[in-house]
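Two chains, two frames, some hints: make the complex.
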Amino acid sequence: MKEVKILGQGCKRCEAAVAMVKAEADKVGVEVAIEKVTDYAAIAQYGIASTPGIVIDGKVVHAGGLPKAEALAGWLKE
Amino acid sequence: MTHSVEAKTSKLRELEAIKWIGGTLVLLGLWIVVYRQLVPFSHWVVSLFPVERESHLGEAIAFFAYDTPKVLLLLTLIVFAMGVVRSFFSPEKTRVMLAGRAEGVSNIAAAGLGTLTPFCSCSAVPLFIGFVGAGIPLGVTFSFLIAAPMVNEVAVGLLFALVGWKVALTYLAFGLSVAIVGGFVIGRLNLEDWLEPWVRDIRAGAVELPDEQLTIVDRIKAGVEAVKDIVGRVWIWILAGIAAGALIHGYVPADLMARVMGADTWWSVPAAVLLGIPMYTNAAGVIPIVEALIAKGAGLGTTLAFMMSVIALSLPEMIILRKVLSMKLILVFIGVVGTGILVVGFLFNALFH
Chain A
1 MKEVKILGQG
11 CKRCEAAVAM
21 VKAEADKVGV
31 EVAIEKVTDY
41 AAIAQYGIAS
51 TPGIVIDGKV
61 VHAGGLPKAE
71 ALAGWLKE
Chain B
1 MTHSVEAKTS
11 KLRELEAIKW
21 IGGTLVLLGL
31 WIVVYRQLVP
41 FSHWVVSLFP
51 VERESHLGEA
61 IAFFAYDTPK
71 VLLLLTLIVF
81 AMGVVRSFFS
91 PEKTRVMLAG
101 RAEGVSNIAA
111 AGLGTLTPFC
121 SCSAVPLFIG
131 FVGAGIPLGV
141 TFSFLIAAPM
151 VNEVAVGLLF
161 ALVGWKVALT
171 YLAFGLSVAI
181 VGGFVIGRLN
191 LEDWLEPWVR
201 DIRAGAVELP
211 DEQLTIVDRI
221 KAGVEAVKDI
231 VGRVWIWILA
241 GIAAGALIHG
251 YVPADLMARV
261 MGADTWWSVP
271 AAVLLGIPMY
281 TNAAGVIPIV
291 EALIAKGAGL
301 GTTLAFMMSV
311 IALSLPEMII
321 LRKVLSMKLI
331 LVFIGVVGTG
341 ILVVGFLFNA
351 LFH
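In order, the protein sequences belong to chains A and B.
At position 7 of the first sequence the residue is numbered 7 (our numbering), and the sequence of numbers has no breaks.
At position 234 of the second sequence the residue is numbered 234 (our numbering), and the sequence of numbers has no breaks.
It cannot be assumed that every hint is accurate.
Cut-off 25 Å, straight-line C-alpha distance, at most; resulting in silico cross-link-like pairs (DMTMM-like, lysine to aspartate or glutamate) [claimed, not checked]:
#: 1; chain 1: A; residue 1: K68; chain 2: B; residue 2: E52
#: 2; chain 1: B; residue 1: K228; chain 2: B; residue 2: E16
#: 3; chain 1: B; residue 1: K296; chain 2: B; residue 2: E52
#: 4; chain 1: A; residue 1: K12; chain 2: B; residue 2: D229
#: 5; chain 1: B; residue 1: K323; chain 2: A; residue 2: E15
#: 6; chain 1: A; residue 1: K77; chain 2: B; residue 2: E208
#: 7; chain 1: B; residue 1: K70; chain 2: B; residue 2: E52
#: 8; chain 1: A; residue 1: K22; chain 2: B; residue 2: D229
#: 9; chain 1: A; residue 1: K5; chain 2: B; residue 2: E16
#: 10; chain 1: B; residue 1: K19; chain 2: B; residue 2: E212
Note that these hints are calculated values from the structure, not bench results.
The shape of chain B in the complex, shown without the other chains (with noise of 0.2 Å):
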């Protein structure tokens, strides 16, 4: 290449870094301007139907029109960022990371690598066994799967928008506690010959991979795919979620819902614990009904339990996880990682009173 070929493309990546640069700029002003006409926008679509603001249906309708495109302009944000924070990590750079680590620390280096790896579902048999067959413990591996979907930037960063910055960290403490504690013991039980055989006799190592160079533009790129990936799947989930919180707000009468989940109701907690596991929804659906709940006076402990085993204990990543690990070994997870929650329940519960 001559130098003024070289001197070229660098003068167009310049170019193209300043318009990546500003776009995302604008946008994120322009988002700012968007998200503070939100109080006057619902008042207007209430106003569009011919009900009372103060009945039922008049606070569902509110309820539903000012927090569509509240959760729908934060979960954007927030996975954008994120999105961009993901690009300076992989479950490869992950793993290297937890190798040859002493058990304990590596648990809770698995619990907090887990939230900030991307990770998806349907990549959790090929994480799992890259994982254990790179030599990395079966409790430490469980540590990275249980933070990795319950602790992720969609449930703190909705939580410490729509329900309060206290709520927000509490939850993130107590996920990464029930991470790090459920895969510590699920280590120290030794259930290695509960894989499926075929994953036990996987020896692969684990592999090196060219590091590919990524600049800002590549790393906004990668925030602007995330969005248009995790956006355009889960908007759905979140449609029907604001939906039911909708109904709650609008029509569970308080004394109720401080009957069934309030704090004192020690039986609360298993079960919201118990409903969570057949529910599955994705943490972005599950958040507008914990602010419905919370608002009616439901027991902070007992909806968190809720939202919880909702994300963390979802039928559908057991039947997924089912491939590579026994039967025996599935119930052993929903029991360690139930009793954790039960215990961040009621822990709450009595803090939070």
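Same shape as in the complex, but just chain A (with noise of 0.2 Å):
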């Protein structure tokens, strides 16, 4: 079990990474619970500077836009 979370508030890419998550980790046979973060403050304690930013386990492992979805298998199969 992957603990995912998505940092982002109000922009059109965090609903999409939050999607995307849950279909590469179905794909790859991982199970993830997703968590969206939307507080400003929780979300800078992650030190990132652009969203959607996402986080697997506590990592950070990617911010801004999506990520190549071969990358988030990888990062998901970790």
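Shown next as structure tokens:
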């Protein structure tokens, strides 16, 4: 079980990132618990400068726009 | 992974690369062909209406029929190219480049990088706290935040195509100057205390991201994504801007324009800045208006001051930034940037007389 956090508020890509994580997790057969973090102060604690940010098991793997599908699959399988 | 599988995937990758690069070149060729048909196309559209070409309405229709496809075509090309360029940059990388430099130098770097780093006003707040929280000085952060929306590829590219390279370059130079000097002044004022308290307390540092290896195909895809995103969002502004430009072009008498917005009317510059603040449109929407105003004899400084004010001092962005800045700091921001734009306006009117 992977804990995935999507950091971001009010950006269109943030929703797209949630959908993408779900789809990729299904594809590679990894169970995920997705949590959306929308509070700016909480987002800031992760040290990113653009949204959406993707955090997997406490580690920031991506920030700004959407990652490549293969890259995301790789992080989920790690 | 066995050797044969590896060879097969690299072969597949090569095929995909050829497909994407070839497709891009074909579309580019098609773009040129279509672009060259614009004048006959606009004549044909006007001929469909039962109006004289030389009449007010005829002039307005011709402006609209010529400018709409032209602006949309140019915008698509510019946004695509910049989408590819921007795939080399990110706010996180920019932040690393800005960290630990002397203040004046980093103001210049921040303004320059602001024009190249992917930025949308919806992520202005995360960007702001991401920069300030990682120890980038407030003034440097402002240099970035002023330059990013004002000196973007849409503004400069469309000015270049519609109004001319001289105006585009001067806009670029003066826009960067306003961002550099404005940020520097804000930095000198030591206003860190005027941030919202919770922002001041954030000392998150900068996260290190794994480097994503992007291929040429990925970068082309980034360009296509940028087109879908930006052109999909701003086309409505463009149509509105061109419609306004067409009305100005067809109906506003040139001598009236010269009297109200001409280079000799000193108060026209501050009036243009004030008028621009509550107005909100994308750069793409305001440039057809700029084009029509200049053609009618409005002063270049006045027109550009109006454009900068509309883009850089927009009310919606202030409202977003209010989450991290105190009202006092927002007023200082408006004051400093507004003064910079005023100076640019007066200077332009004096230079291009």
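Structure-based check of all given hints:
1. For a cut-off of 25 Å, the pair hint linking K68 (chain A) to E52 (chain B) is broken: about 55 Å separates their Cα positions.
2. Note on K228 (chain B) and E16 (chain B): the hinted pairing holds, with a Cα-Cα distance of about 21 Å set against a maximum of 25 Å.
3. For the suggested pair K296 (chain B) and E52 (chain B), the alpha carbons sit about 21 Å apart, so the restraint of at most 25 Å is met.
4. Using a Cα cut-off of 25 Å, the hinted pair K12 (chain A) and D229 (chain B) holds, with the two alpha carbons roughly 10 Å apart.
5. Using a Cα cut-off of 25 Å, the hinted pair K323 (chain B) and E15 (chain A) holds, with the two alpha carbons roughly 22 Å apart.
6. A distance of roughly 20 Å separates the Cα atoms of K77 (chain A) and E208 (chain B); the hinted pair therefore holds under the 25 Å criterion.
7. As the CA atoms of K70 (chain B) and E52 (chain B) are separated by approximately 23 Å, the hinted pair is consistent with the 25 Å bound.
8. The straight-line distance between the Cα atoms of K22 (chain A) and D229 (chain B) is roughly 22 Å, inside the 25 Å bound, and the hint therefore holds.
9. For the suggested pair K5 (chain A) and E16 (chain B), the alpha carbons sit about 32 Å apart, so the restraint of at most 25 Å is broken.
10. Straight-line distance between C-alpha atoms of K19 (chain B) and E212 (chain B) comes to about 22 Å, which keeps the hinted pair within the 25 Å bound.
Hints 1, 9 from the list above are not met by this structure, while the remaining hints are.
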